[in-house]
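For reference, the chains in residue letters:
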Amino acid sequence: MDYILEIMPSLFSGMGVTLSIFFWTLVGSLPLGLIVALGMISPFKILQKILGIYVWLMRGTPLLLQLIFVFYGLPLLGTGIVLPRYEAALVAFILNYTAYFAEIFRGGLQSIDKGQYESAKVLRLNYWQTIRKIIAPQVMKIVIPSIGNEVINLVKDSSLVYVIGLGDLLRAGNVATSRDVTLVPLILVSLMYLLMTAFFTYVLKKIEQHYSYWK
Amino acid sequence: MLELQQITKKFGERTILDHVDLTIEDGKILCIVGQSGGGKTTLLRCISGLEQIDSGKILVNGKEFDPYVNSNNEAVIGVVFQEYNLFPHLTVLENVMLAPQMVLKKDKETATREANELLKKLALGDKGNLYPWQLSGGQKQRVAIARALAMKPQILCYDEPTSALDPGLRDTVKEIILDLKKEKMTQIIVTHDIEFAKEIADDILKVKPLSN
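Residue numbers (my numbering), protein chains in the order written: chain A, 133 to 347; chain B, 401 to 612.
Keep in mind the hints are simulated off the structure, nothing from the lab.
Ideal Cβ positions, reconstructed from N, Cα and C, are used throughout, including at glycine.
Incorrect hints may appear among the rest.
Only some residues are given here: those of chain B computed to face chain A with a beta carbon under 10 Å [stated by the list, open to error]:
1. Gly438
2. Phe465
3. Leu486
4. Pro488
5. His489
6. Thr491
7. Leu498
8. Gly528
9. Pro532
10. Ala544
11. Leu565
Simulated crosslink set (DSS-like; lysine-lysine; CA at most 25 Å straight-line) [to be verified]:
12. A:Lys253 - B:Lys608
13. B:Lys505 - A:Lys253
14. B:Lys540 - A:Lys253
15. B:Lys463 - A:Lys265
16. B:Lys428 - B:Lys584
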């Protein structure tokens, strides 16, 4: 028990890093994902192509590689861009998750019946009124389960930041395990991840229920 | 009065409408009948601005008018779709109120009052707070009619209004259409139901597929 109390502060500070990466990645990548998705279904062929390549790169290479690339690779390319560890991690995560969210939003947008747009048009709603009042609420209902999947993934993916030397929850547990030769820190870390994902699962379920008043 | 002059519409190489002329007097009911693939629905979609015509003119009260780009407040043409296309996430009342509020900039009170009056008139007075999934087909159709009427159109178009209804409900639609006629509403009805057309129409336009 004493040992647990002794290592808890370092685990909590690691959890703080994990949660802040998690939070800011969502804040950045959810709106960006929606914008990229609207671009992907826009009639502009060049824009579609560029966004298609972006999504392919982000989903086609490991997040770990992207993380290393942003932190170690950008300075080596002579771009003059040297990001601190935390900022580099956020850039890599937001770029990566935006691509996944964009694909989810695109699927949601495309599954809305054409008749909804036509109804809106004959009622003479303009593009943004149509998106805001008719399309977006229906897309939200459709995409929430998939978004939820990614949100849970993100909690765990955030542990990849150890590779560029950020002290997140997993790293804190790992350090304690190697130093004290015991499994206790890793078990505690597992429990903390489980608690976090259980909490977010619950929140997502509530949001899903909020949209269940119509079919 | 709505006039169509020499309307032509092609999809790629296929000509669907070939120099169609048509005149509808105010307050009359025009039925467009004919077999599938004859361009009935396409004609309706051109009139309501869902398809762009390739050539020809559409005139409303003698003035040229392009329903495809109509974005200002000329409020002329309303549409009741075959599948109704109600907004599933909005209540019946919200479905009817949305466009008057967003497009005609009516305040909430006026929009609510007018929507409730329309719903009452269409025997939906007690359905305002339900969602479309809780309604029967006939009720959905009447909501679609109320939603179109809320925009105060001069012309109301229906695409196959009887195709999804039980025989009993067919007479209900007929009554609604004839009631609206008494209020001088101009109505265009696309249907494959010739009997229905004969019962209500002042004019019948027959279209058939073009051989090409």
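These are the hints, each one checked on the structure:
1. Gly438: Where the cut-off is 10 Å and the nearest Cβ of chain A is about 21 Å from Gly438 (chain B), the hint is violated.
2. Phe465: With a closest approach of 14 Å, the Phe465 (chain B) hint is violated.
3. Leu486: holds, 8 Å
4. Pro488: Where the cut-off is 10 Å and the nearest Cβ of chain A is about 5 Å from Pro488 (chain B), the hint holds.
5. His489: With a closest approach of 5 Å, the His489 (chain B) hint holds.
6. Thr491: With Cβ-Cβ at 9 Å, under 10 Å, it holds.
7. Leu498: holds, 6 Å
8. Gly528: Hint violated; Gly528 (chain B) Cβ to chain A Cβ min 15 Å, cut 10 Å.
9. Pro532: For Pro532 (chain B), the interface hint holds, since the closest Cβ of chain A sits about 8 Å away, which is under 10 Å.
10. Ala544: Hint on Ala544 (chain B): holds, closest Cβ of chain A at ~8 Å, below 10 Å.
11. Leu565: Interface hint status for Leu565 (chain B): violated (18 Å vs cutoff 10 Å).
12. A:Lys253 - B:Lys608: Violated, at about 28 Å.
13. B:Lys505 - A:Lys253: Holds. Lys505 (chain B) to Lys253 (chain A) sits at ~16 Å (cutoff 25 Å).
14. B:Lys540 - A:Lys253: holds, 19 Å
15. B:Lys463 - A:Lys265: violated, 33 Å
16. B:Lys428 - B:Lys584: Distance of about 8 Å is within 25 Å: holds.
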